[in-house]
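There are 4 protein chains.
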Amino acid sequence: MEHQKYHEIAEAAVDLFNKQGYHATSMQDIADYVGLQKGSLYHYISSKEELLERITSETINGFVRELERIVKRDLSATERLEQAIHMHFTRVTNNIPMSAILLRESFSLSDDPHQLIQNSTDHYLDLWAQIITHGVENGEFKLGDPRVTALAILGACNWAYRWYQDDGSQKNTEIAQYMIQLLLSGILL
Amino acid sequence: MEHQKYHEIAEAAVDLFNKQGYHATSMQDIADYVGLQKGSLYHYISSKEELLERITSETINGFVRELERIVKRDLSATERLEQAIHMHFTRVTNNIPMSAILLRESFSLSDDPHQLIQNSTDHYLDLWAQIITHGVENGEFKLGDPRVTALAILGACNWAYRWYQDDGSQKNTEIAQYMIQLLLSGILL
Amino acid sequence: MEHQKYHEIAEAAVDLFNKQGYHATSMQDIADYVGLQKGSLYHYISSKEELLERITSETINGFVRELERIVKRDLSATERLEQAIHMHFTRVTNNIPMSAILLRESFSLSDDPHQLIQNSTDHYLDLWAQIITHGVENGEFKLGDPRVTALAILGACNWAYRWYQDDGSQKNTEIAQYMIQLLLSGILL
Amino acid sequence: MEHQKYHEIAEAAVDLFNKQGYHATSMQDIADYVGLQKGSLYHYISSKEELLERITSETINGFVRELERIVKRDLSATERLEQAIHMHFTRVTNNIPMSAILLRESFSLSDDPHQLIQNSTDHYLDLWAQIITHGVENGEFKLGDPRVTALAILGACNWAYRWYQDDGSQKNTEIAQYMIQLLLSGILL
DNA sequence: CATGAATGAGTTTTCATTCAT
DNA sequence: AATGAATGAAAACTCATTCAT
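The listed protein sequences correspond, in order, to chains A, B, C and D. So for the first sequence, numbering that gives the first Met the number 0 puts the first residue at 0; every next one is plus one. So for the second sequence, numbering that gives the first Met the number 0 puts the first residue at 0; every next one is plus one. So for the third sequence, numbering that gives the first Met the number 0 puts the first residue at 0; every next one is plus one. So for the fourth sequence, numbering that gives the first Met the number 0 puts the first residue at 0; every next one is plus one.
These are calculated hints, taken from the structure and not from any lab test. Please note: incorrect hints may appear among the correct ones.
Intra- or inter-copy, both count: the list cannot distinguish identical chains.
[As the list claims (entries may be wrong)] Dumping the calculated DSS-like pairs for lysine-lysine here, alpha-carbon to alpha-carbon at most 30 angstroms:
1) Lys141 with Lys71
2) Lys18 with Lys141
3) Lys37 with Lys4
4) Lys170 with Lys37
Use the sequences and the hints to build the structure in full.
If you want it as structure tokens, here you go:
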């Protein structure tokens, strides 16, 4: 589990699932990547799906953890939302492969693990909606459906997994600032 | 091509690719759906991939066509952007299955057809960026990277394929108005 | 199902499962036997286990059917038991491969199909026990546990799948007569 | 061989081969059972098949040894046959797992070890047939094919591995007595 | 047009066994 | 003695596609 080789395999899976997609990646591909026979992979994992499960749950849990940290801080709703947008955007763009897998492949999971991811995702959205709801109640934010607002922000940020490239021309933290300005304007009273 | 049966097959593919994903949908599934034998499908299509090609290209071309129509109108940049957002959001939400396939499955295409979709997508993004660039030049919009701005808007709207449900509680045209307000505020001078 | 090729496959399976055992027989073996690719077998069957299910249930059902026919006849208990022994012994020895599979391999079935076979087997044993019980009540047979008596008779006959060879030296009908004499003596009053 | 651990492994194999069958039992299952790693098993045994060889040969040899002891005693044929039936039935029912493996799995052995078991089994059957032949020559038993007679008795007793349960309701020694009465009646003059 | 038989390459997974440590 | 990593062959099954009828 915490085995060195497990991490190599998981990294291979992240790279390949990101580039080719979960279904288009074979265990043979992963084995070749790490230099093992495909049968040997099963010393470290119990199934291909387990790899997807771990990658997606680790990724969504990372987002949840960070947002919970932000929510706990003593901040205005505006500051919270700024930090949340910054965190979400940089987290997506700092780890595009894992984000891509979460966003694109988690629906390939079978029912039970899919539900777990769904639950975390729902919880994550709730946290966003709470921040916005507080801001509305505070008089910091305009009235509006908090869930839709949160989804608009998340969509704007998530999409970056498809276009952001860290080629030095634009740092993701700078773009994150731009996103904050762009998205907060429509919300602030 | 224009054969009635072809359309039935394409509709089946849209429904199934949307629900199960491209790779998880077998030709047998499609055949069952339309009440033919697997082999008979090949009278109407030449391959499974061709179905995905057609669905995705038709979908992206629809977006391009509509946006070109908007661009041709004699409008202010602000009006254009409003119409573009409205069109894009309602188009995604009016046809979630096809949008989902375009957004989630087009990378399963092999190189050549994938490039065609990519070209249309690039062109679509260019049109958005042009609208924004004009607005900046006009003095209607704030300064900012037009491409990033367009991508933020598109991301916010695209994401709706994952959450919008036409259950009568909220019309997509109303949400589109909300999106316009939300997203334009950060852009308008 | 009633397809000609299905029967060829089932016959191959009977021969191979009998000779090599269920687990030691691969789908490749069956495919070679009938001259198909292994993938092609799945046009006719849905799984290897289905073959075992069909073979075993068909076999046990044959025994049950014949015994029910005997039970329905207007006979003394002694005559019934004679006919039952004759039927069972000749049926085993007339179709040793299927009997061997029923007797040796049915425990390789997974839970649900195994239970179906078990139910039929239990029913078959009940019918035997009923015959014997009637004989005891009639005063035709000695007192004794009818179930154990039935199991002793069945064991004596079943075992023939391991030793009987139809090499012309001894007809199975003659041995059946001998079995009747041997086994009835201990039962008759 | 005589190592304590070897016996643990052999006992595990007996239990697992009995419950799941030889082919359905993996070396991993056995290793888990005894609390070793798979690889460590090979310090005590040289192959999975060797385990089956030992279990089956030990089992058949036990039957042979006991029957030879009976044959050596100075007894009438009738007494000998009574003791043989008693011994065989109680031996099967006292050790159902090993009997089950002998009766059900020995044909999974490859040619050479299978032949060894077969030879012992043939010898065992010969001993039975000799007892019966002597009884016929003595005038104790009716005329009849001694081999078939022996096989009928053995079948009746062997089958008990499938149905006998030591739940206290019926002692196997009592059932053995019943078997003697049942099976001898047809033989005695 | 439609069928359905057949292919053959591919999939994930299992497993007895070996061997360096 | 024991481990556990690694193998490599084999397993059951899937599937897009072809084609004779």
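Cross-check of the supplied hints:
Proximity of Lys141 to Lys71 under the C-alpha cut-off of 30 angstroms is restricted to the intra-copy arrangement: shortest distance 23 angstroms within a copy versus 34 angstroms between copies. Neither within a single protomer nor between protomers do Lys18 and Lys141 lie at most 30 angstroms apart by alpha-carbon distance, with minima of 41 angstroms and 36 angstroms respectively. Taking CA atoms no more than 30 angstroms apart as the test, Lys37 paired with Lys4 passes in both settings, with 14 angstroms inside one copy and 20 angstroms between copies. In this assembly of identical chains, the alpha carbons of Lys170 and Lys37 never lie at most 30 angstroms apart, being 39 angstroms within a copy and 50 angstroms across copies at closest.
When held up to the earlier numbered hints, the structure conflicts with 2 and 4 and fits the remainder.
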